[in-house]
Every structure is written in C-alpha cells, then in structure tokens.
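Chains as they are written, first to last, in my numbering: chain A, 1 to 262; chain B, 1 to 295; chain C, 1 to 316.
Worth double-checking, as some hints may not be accurate.
[As the list claims (entries may be wrong)] Which residues of chain B face chain C? A partial, calculated answer using Cβ under 8 Å: (1) ILE36; (2) THR84; (3) LEU94; (4) LEU95; (5) ALA102; (6) ILE105; (7) GLY109; (8) ILE110; (9) PHE113; (10) PHE115; (11) VAL224; (12) GLY262; (13) ASP265; (14) ALA266; (15) LEU276; (16) PHE277.
[As the list claims (entries may be wrong)] Lysine to any residue pairs mimicking SDA-like chemistry, simulated, CA-CA at most 20 Å apart: (17) LYS115(A) <-> ARG184(C); (18) LYS115(A) <-> PHE10(C); (19) LYS167(B) <-> MET191(B); (20) LYS106(A) <-> HIS176(C); (21) LYS25(A) <-> SER219(A).
[What the hints assert, rightly or not] Facing chain A, a subset of chain C residues (Cβ under 8 Å, in silico): (22) ALA182; (23) ASN194; (24) ALA195; (25) LEU198.
By construction, these hints were calculated from the structure, which means they are not laboratory data.
We put the beta carbon where it would ideally sit given N, CA and C, even for glycine.
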Amino acid sequence: MLNIKGIWKSFGGLMALRHISVDVKEGDIKALIGPNGAGKTTLLNIISGIYQPDKGEVFFLGRNISNLPSTKIARKGISRTFQHVELFGNMTVLENIMVGRYVKTKAGFFSSGLKMPYVMKEEKEIQRKSEEILEYINLAQRNDELASNLPIGEQRILEIGRALATEPRLLLLDEPAAGLNIRETRNLGEIIRKIRKELRITIVLVEHDMELVMRISDSITVLNFGEVIAEGTPLEVQKNREVIVAYLGEEEEIQRGYNAHT
Amino acid sequence: MLTVFLQFLFSGLTVGSVYALVGIGFNIIYNATSIINLAQGEFVVIGGLLMWFFTESLKLPFLLSAVLTILSAGLIGLLMERLTIKPLKNADLLLMIMITIAVSIVLRGILMFNFGKDPYVYPPFTEGEPLSIYGAIIQQQTLWVIGITGLCIILLFLFFNKTIVGKAMLACAVNPTAAKLVGINVSRMVMLSFILSAVVGAIGGMAITPISLMEYDKGPMLAVKGFCAAIMGGLGSNRGAVIGGFIIGILESMTAGYIHSGLKDAVALVILLLILFFKPAGIFVSKTMLQLRKF
Amino acid sequence: MKKGDSLVFFIFIFLIGLLPVLSGSTYIMTVGVFAGINALVAIGLCILMGYAGQISLGQAGFYGIGAYVSAVLSLHFGLPVVVSLILAMVVAAMVAVILAVPALRLKGHYLAVATLGFGEIIYIILNEWGPGGPSGFGDIPHFSLLGYTITSTTGYFYLIWGLVAVVMIFSLNLIHSRTGRALRAIHDSELASNAMGLDVVELKIKVFILSAVYASLAGGLYAHYITFISPSSFSLFYSILVLMMVIVGGITNLWGAIIGAVVITVLPELLRRFEEFDVLVYGLILTLSLMFFRKGLVPILVEKIKKLRGLAVVKH
Ligand SMILES: Nc1ncnc2c1ncn2[C@@H]1O[C@H](COP(=O)(O)OP(=O)(O)O)[C@@H](O)[C@H]1O
Ligand SMILES: [Mg+2]
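My request is simple: use the sequences and hints to build the entire structure.
Spelled out as structure tokens, the structure:
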C-alpha cells in the first residue's frame with residue numbers, strides 16, 4: 001500500500017535520511033523505531049508531504065505522491081498525528097473532530113453563509129459522525145472542553161480521533177504514547193488495534209515504548225542515523241544483534257531524552 | 001539637463017538618508033526582538049519637532065538643543081518599551097503589531113496636541129553659500145544630513161562590532177536563550193534597542209527638518225518608506241537599509257521631478273509591494289525556517 | 001446561527017426598530033447611520049482577524065473603492081444605484097483577489113505592512129485621479145430601489161442597519177459552519193490544518209475577499225448617503241479606526257464588531273469639546289484595550305454572564 005523508495009533528505013549539512021526504503025503492507029501495523037534523531041519524524045513528514053524528499057519516491061496505492069503538498073496527500077487518504085501535539089487549541093474537543101470531517105464534506109463558502117438546506121443536513125451529519133468518533137475513542141464526556149485544557153494523554157487520543165475523522169486508508173502515528181502512563185498506554189494500544197481491526201486502517205507507528213511496539217505491531221523497521229539497520233517481525237528484530245547494539249548502547253540516552261521531552 | 005538631473009539626485013540622496021536611518025531603526029529593534037516597530041516614523045517627527053521647540057521656542061543654543069532632543073527621544077523609546085512592549089512579553093505577533101500601531105497613534109496625538117497641524121521649520125545648522133556642482137545647487141544642510149547619516153552608520157557599526165554591549169545585543173538577536181545562558185540581560189538589551197532606535201530616528205528628523213519641514217502626521221509615511229528600505233536589503237541588515245534608503249529616495253525624487261510630484265509617495269509603496277510579493281527569498285520566513293520552529 | 005445568537009439577534013433587531021421611534025432626532029440618526037456603516041466594515045475585519053488570524057491595515061482602501069466606484073458609476077454613467085453598488089463590490093472583490101494571492105503568503109508583520117501599503121496606494125490614486133482630486137466631488141445620487149428613493153436619514157438608518165442584520169446573519173452562519181471551523185483551525189495551527197486536508201490558501205483568500213466586499217458595500221452606502229466624498233475619508237486613519245472597533249468590541253466575537261463600531265463612532269461625538277485631543281484619545285483607547293482588555297467588551301461580558309448564571313445555578 002505504501003512503498004518508500006530510496007529516500008534521501010538533508011537539512012543543511014545534516015543528513016537526516018540516507019536511501020531509506022520501506023514497504024508497508026495493507027492492513028499492517030508497521031512500527032518504525034530507532035533512537036532519537038534517527039530520522040523517524042522526518043520520514044513521516046516526507047510521507048505526509050510536509051517535507052519534500054531530496055531524492056527518492058513515495059508511492060501510495062501505486063501512485064507517486066512524493067511531490068504533492070500535505071493538503072493533497074491528506075485528501076488521498078493519509079492522515080497523521082504529531083510528536084508535538086498539534087491540536088486546534090482554541091476549539092472544543094468536538095470541534096477538533098469536526099474539522100477532521102472537512103475533507104469528507106463539501107458545504108461551500110457561500111452556501112454555508114446562506115445556510116442552504118443541504119448544508120444544514122450535512123452539518124448534522126458532521127456532528128453525528130464526530131460524536132460517534134468521540135464515543136469510539138472514549139472521549140465523549142469531554143466534548144465541550146477546550147482541546148488545550150485536556151491532559152496530554154487525552155490530547156494524543158484526540159489527535160488520533162481527529163485523524164480518524166478524515167476516514168484515512170493510512171494512519172501515521174508519531175510517538176502517540178509519549179507522556180502517557182502505563183494505564184493510558186495500554187488503553188492506547190487497544191485503540192490502535194481496534195482501529196486496525198474494525199476500521200481496517202493501515203498504521204505506521206513511531207514509538208519508543210518497546211512493550212507497546214512488540215505487543216501490537218506486525219512488522220518493525222529500525223532506523224539509526226538515517227539508515228534502515230533492521231527489518232522484520234517483532235521477534236526477529238528483538239534478536240537482531242545490530243539493533244541490540246544500537247539500542248542498548250544508547251538505552252540510557254533514549255531514556256534521558258525521552259524523560260526530558262515529557 | 002545634467003544640472004536638473006543632479007539636482008534631483010542630490011535631493012533624493014538627502015531624503016534617502018532619512019529613510020536609511022528609519023530603516024536602521026527598524027533593524028535595531030527587529031534584531032533584538034523580531035518586532036517591527038510601526039511607531040518608527042514618529043521618532044523622526046519627534047526629533048524634528050522637539051528640536052524646533054528647544055531652538056525656536058525656548059531659544060536654547062544649538063548644541064544644547066540637539067543634546068536635549070536626543071535625550072528626550074531616548075527617553076520616549078525607553079518609556080515605550082517599558083510601558084507597552086515589556087508587559088506584553090511573549091504575546092502573539094498580531095498583538096505586538098497592533099501595540100506598536102497604538103503607540104504610534106498616541107505619539108501622534110501628543111504631537112498634534114502640542115504642535116497642532118502646522119508644519120515646522122528652523123534655520124539650517126550652518127549659514128553659508130550653497131555649493132554648486134555643474135549648476136546643481138547643494139544646500140549646506142544637505143551635506144549635514146548626508147554627513148550625519150554617514151556618521152551614525154559608522155558609529156553603529158563600531159557599536160555592534162567593537163563594543164561588548166553591541167555584541168551582546170546581536171547575540172540576543174541570534175539566540176535569546178543562549179544569550180540568557182551566558183549571562184546577557186536580554187530584557188536590558190531589548191530596552192536599549194528601543195532607546196537606540198528612537199535616537200537614530202530623532203537624529204534623522206533633526207537633520208532633515210530645515211530642508212523638508214516637519215509636521216505631526218509625517219510618521220506613517222516615513223515608517224513605510226523606512227520599512228521599504230529595510231526589507232530591500234533583507235530585514236536586519238544595516239548595509240541593506242542604507243542602500244535601500246538611497247534607492248528609494250532617488251527614485252522618489254526622480255518621479256517627483258520628471259513625472260508628477262503627487263506620485264512620489266506611490267513609488268515607495270509600489271516598490272514595497274513588489275518586494276513583498278515577488279522577492280520573498282530574504283523577506284518572509286522561509287519554509288525551512290518555519291519547519292525548524294515547528295519540529 | 002446558534003441559540004444564543006438568535007436571542008441576541010432578536011434583541012438587536014428590536015433595538016434597531018425602536019431607536020428611531022424613541023428618538024427621531026436627526027443627530028442621533030446620523031450617528032446611527034455612521035455606526036452602521038462602520039459596523040459593516042468591522043464585521044468583515046473581525047472575521048478576517050479574529051477567525052482567520054490574518055491582519056489587514058488596508059480596509060480603508062476597499063471602503064474607498066466601494067465609495068468611488070459606486071458614486072462614479074451612478075453619477076457619471078447613470079447606472080441605477082443598486083447596480084452600481086453591486087458593481088463596486090465586484091470591483092473590490094477583484095482587487096482583493098489580486099492583492100490576496102501574493103499577500104496572504106506573507107506572515108504577520110509583512111502582511112500588515114503590505115495591506116497598509118495597499119491602502120495608501122488607493123488613497124494616493126483617489127487623490128490624483130479621483131474626480132475632484134483631493135477636494136472630492138458631490139451630487140452623488142441617493143439610494144433608490146424600484147422607483148423609491150431614500151433621502152431621509154431615518155430611511156438610511158433602516159436601510160443600513162437592515163443590511164448590517166443581513167450581513168450579520170450571513171457571517172454568523174458562515175463562522176458556525178464547516179468553513180468557519182476551518183478558518184479557526186487555520187488560525188490555531190496551519191500545520192495541522194494542512195495535514196487535515198483543508199484548503200488553507202483558498203480559504204484565506206476567500207475571507208479576505210469577503211472582508212473587502214463588506215467594506216466596499218459600506219463605502220458605497222456612505223457615498224450615496226452623504227452624496228459628497230473626498231479622499232480624506234479613506235486614509236490610513238480609517239483603517240486604524242476599524243481595527244480599533246474590532247479590538248475594543250472583542251476580536252473573537254462577531255457581535256463585538258458591532259458593539260465596537262457603535263462605541264468608536266459615538267465616542268468622538270461625546271468628546272466633541274476636546275477636538276484637539278481626539279487622536280490622542282483614540283491612541284490611548286487602543287493602547288489600553290490592547291494592554292488590559294485584550295479580549296474586548298463582548299467576550300468579557302459573555303464571561304461575566306456565564307459566571308453569574310453559574311452562581312445562580314449553584315444557589316438554587
Ligand atoms: N526541520 C529541520 N531542520 C533541521 N534539522 C532537522 C529538521 N527536522 C529534523 N532535523 C534533524 O534531523 C534528524 C532526524 O530528526 P527526526 O526525524 O526528528 O528524528 P526522530 O524523530 O527519529 O527522533 C535530527 O538530527 C534532527 O535534528
Ligand atoms: Mg521524532
């Protein structure tokens with residue numbers, strides 16, 4: 001479903017990604033792991049069109065999307081969350097989800113101002129569907145609160161809900177468990193699995209929480225210094241020597257960086 | 001032919017000097033705070049009108065008046081920063097823009113209340129025969145304006161490159177957090193930038209008033225032209241502001257001379273829009289910069 | 001519109017209907033007409049700034065385009081006033097597109113200066129090439145529709161506030177719709193808006209056009225009401241006045257634009273005696289509201305009411 005072919009990306013002199021190729025199968029939960037600064041977020045940014053690659057291509061459902069702007073990519077069915085939560089902070093929880101419905105609805109500027117009958121019907125539909133999504137991610141009781149007032153755990157879940165509202169085929173999650181406690185993380189794991197199973201959405205998961213990754217992902221790609229150093233099932237990756245070295249060698253640092261971040 | 005051309009050229013250089021000084025004023029504050037101070041033009045007006053007040057109304061000696069004008073302008077810059085900018089620290093950009101507009105209106109209101117709507121003028125700094133180059137007349141005051149501008153530029157260059165305080169101010173611009181870490185008092189530097197910027201503007205106003213008169217509401221146009229000068233060479237670069245100021249001044253005086261005097265203000269505005277729209281490279285925050293901030 | 005809005009709206013209509021009956025004084029009606037004209041411009045700027053997060057210091061430009069185009073078309077080309085008003089809005093919309101496409105790529109300060117520059121250019125054009133130059137021109141026909149011509153100030157009061165009501169309904173509908181939510185989303189995070197597939201650029205351009213159309217409508221009405229116009233009514237100062245109305249009333253609430261317009265229009269009338277002070281007073285009002293009442297009158301009031309209601313609920 002998603003084929004990343006030989007992506008290069010540098011920032012100034014810094015080579016963030018060197019010749020990255022990854023394939024994601026339809027219906028999979030693909031985990032992308034690696035120490036801080038490995039280039040995971042950069043890769044998600046390239047897939048979702050926030051950055052353009054220096055070299056290489058991204059294919060989604062067989063189409064080359066490497067040079068499309070993020071808006072167009074979102075409309076093609078790729079949605080995402082952000083490592084540093086990017087909610088619409090001055091809007092309510094429900095409204096955040098309703099914005100997610102934008103791509104699936106079409107009331108125009110003029111017809112909205114004139115409140116044409118079809119607009120009202122659509123608006124009701126947006127509301128109903130959004131409430132349904134809130135229900136689905138267990139945030140219904142929060143619907144009237146300002147998004148910025150939620151605790152970080154719920155903000156991350158809300159971001160997933162907003163992404164779901166666009167009815168994506170592919171969902172990119174950037175460290176959704178960062179800042180969550182054990183119970184919240186477990187709940188998150190359940191939601192992600194539910195999304196895959198019930199909504200049949202393919203998922204790319206960037207995550208540091210190894211327990212979560214090992215538990216829910218079908219396949220894992222390990223990045224280090226902008227390169228793929230290993231790939232395989234959770235079991236295979238766990239046994240991979242290079243991964244152990246890359247990880248254990250930096251275990252402490254990851255932990256520290258992680259804590260500093262949260 | 002040549003005579004007329006030279007005449008326009010010199011008058012362009014004269015007003016251009018003031019635009020350059022306003023542009024530098026924008027840069028000084030922008031470098032320290034990344035705020036565009038839309039009250040920058042009022043500093044120039046303050047310079048001209050206060051100088052008139054001290055020399056003509058109070059009949060003080062020239063040098064004393066000049067010193068008093070500079071001190072007062074510095075004080076106004078300081079008050080502006082302490083009373084409006086500092087309390088709003090970390091407010092969003094929209095608010096920062098609006099507060100500088102608000103201050104400019106307050107200043108204009110005070111000026112109008114004290115000086116009324118009439119234009120003011122006082123004698124040139126030195127009496128004496130004008131020079132003549134190929135028949136073009138150069139008033140002595142013109143030389144003063146250009147000379148003072150040159151002096152300001154040299155002093156500012158020395159200040160930012162050779163003194164510890166100047167270097168510290170630049171450091172704040174590059175990276176405020178790091179500047180704080182190495183013990184620079186960022187808040188003091190921001191204050192200093194407003195003082196300095198007000199003084200530079202006021203000096204321009206003092207020098208130009210004998211040539212082009214000064215009235216309370218000249219500020220906004222001066223600000224727009226100075227801003228145009230500043231972005232021409234990329235916001236933050238003083239050398240760019242000087243070149244930009246001269247270019248605008250000359251184009252303006254050529255337009256007024258050869259085409260139509262009513263259009264002289266339009267020149268700078270059109271250049272401003274053209275730069276903003278079509279030369280975005282050094283002008284608005286580049287895409288990568290924006291991304292840098294977000295991630 | 002939402003429930004709360006509908007209630008306020010009825011009170012609003014009621015007041016408009018009542019005012020001329022309570023006080024037929026031409027003076028009050030005249031101030032009312034100007035407040036209504038200003039409200040139209042302020043509503044547009046409020047959507048642009050408070051909802052879409054874009055600044056404009058050039059609304060006087062569109063206001064001026066509306067006044068001059070409509071006046072010239074009806075006076076010199078003999079078009080019916082309604083037609084000339086509509087054409088004026090079309091012209092303003094076209095100018096807005098030409099300006100918006102490059103300008104809205106600019107951020108913050110640059111957008112502020114670019115729109116300011118645009119307003120000043122229009123001002124210079126009116127001075128240089130407008131009929132009558134700096135001293136303006138008169139004999140502009142009054143508003144008329146279906147053979148009926150409005151000449152009385154009270155007539156204009158009803159006409160203009162009626163249009164304010166229509167514009168308000170349209171705007172309230174808009175901001176509570178899919179589009180309005182998208183605008184607020186863009187204001188909060190452009191990054192996330194893009195990632196959600198919103199047409200960020202297109203929406204910004206559309207609101208900019210909308211604010212220009214409102215301003216030009218107001219300008220046209222102004223010209224036909226006062227029948228004499230000169231460039232001085234369309235200077236930078238007017239743009240700043242409108243900015244002030246929006247801020248004083250409360251930038252995040254459309255009703256704030258109307259309240260702000262009324263307050264800022266009535267204020268100089270109250271301050272008549274301090275003629276030389278007016279610029280200073282305006283400046284101080286703007287400064288103080290930015291420093292201490294950043295939210296503006298209406299949002300502060302809404303909060304107070306909510307609090308009182310909360311207390312009442314607790315008591316019972
Ligand atoms: N916009 C940017 N500008 C400059 N460097 C960047 C930018 N984004 C990421 N980088 C750099 O690229 C490298 C990879 O970063 P990132 O993709 O965020 O890593 P990860 O998400 O794996 O922790 C890091 O060294 C980071 O500093
Ligand atoms: Mg990351």
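Quiz item: Does THR84(B) meet its interface restraint, that is, does its C-beta lie within less than 8 Å of any C-beta in chain C?
Solution: Interface hint status for THR84(B): holds (7 Å vs cutoff 8 Å).
For a C-alpha distance cap of 20 Å, please report whether LYS115(A) and ARG184(C) respect it. Holds: LYS115(A) and ARG184(C) sit about 19 Å apart, inside 20 Å.
Query raised in the report: Taking the closest Cβ pair, is GLY262(B) under 8 Å from chain C?
Result: 5 Å, holds
Please verify that hint: LEU95(B), Cβ, nearest Cβ of chain C, below 8 Å or not. 6 Å, holds
(request) Please verify that hint: LEU198(C), Cβ, nearest Cβ of chain A, below 8 Å or not. (result) Because about 5 Å separates LEU198(C) from the closest Cβ in chain A, which is inside the 8 Å limit, the hint holds.
Compare the distance between the alpha carbons of LYS106(A) and HIS176(C) with 20 Å, and conclude whether the hinted pair is satisfied. 15 Å, holds
Margin query: Does SER219(A) sit within 20 Å of LYS25(A), going by the straight-line distance between their CA atoms?
Written below: Holds. LYS25(A) to SER219(A) sits at ~9 Å (cutoff 20 Å).
Is LYS167(B) within 20 Å of MET191(B), Cα to Cα? Measuring from Cα to Cα gives roughly 15 Å; hence the hint holds.
Notebook entry, point to check: Taking 8 Å as the limit, does the beta-carbon of ILE110(B) come near enough to a beta-carbon in chain C?
Noted result: 6 Å, holds
query = Do the numbers back the hint for VAL224(B), that is, is its least Cβ distance to chain C under 8 Å?
reply = Interface hint status for VAL224(B): holds (6 Å vs cutoff 8 Å).
Practice item. Would you check whether ASP265(B) satisfies its interface hint, that is, whether its CB is within less than 8 Å of any CB in chain C? Key: Where the cut-off is 8 Å and the nearest Cβ of chain C is about 6 Å from ASP265(B), the hint holds.
Hold the hint about ALA182(C) up to the distance rule: shortest CB distance to chain A must be less than 8 Å. Hint on ALA182(C): holds, closest Cβ of chain A at ~6 Å, below 8 Å.
Hint compliance for this structure: hint 10 is the single one not met.
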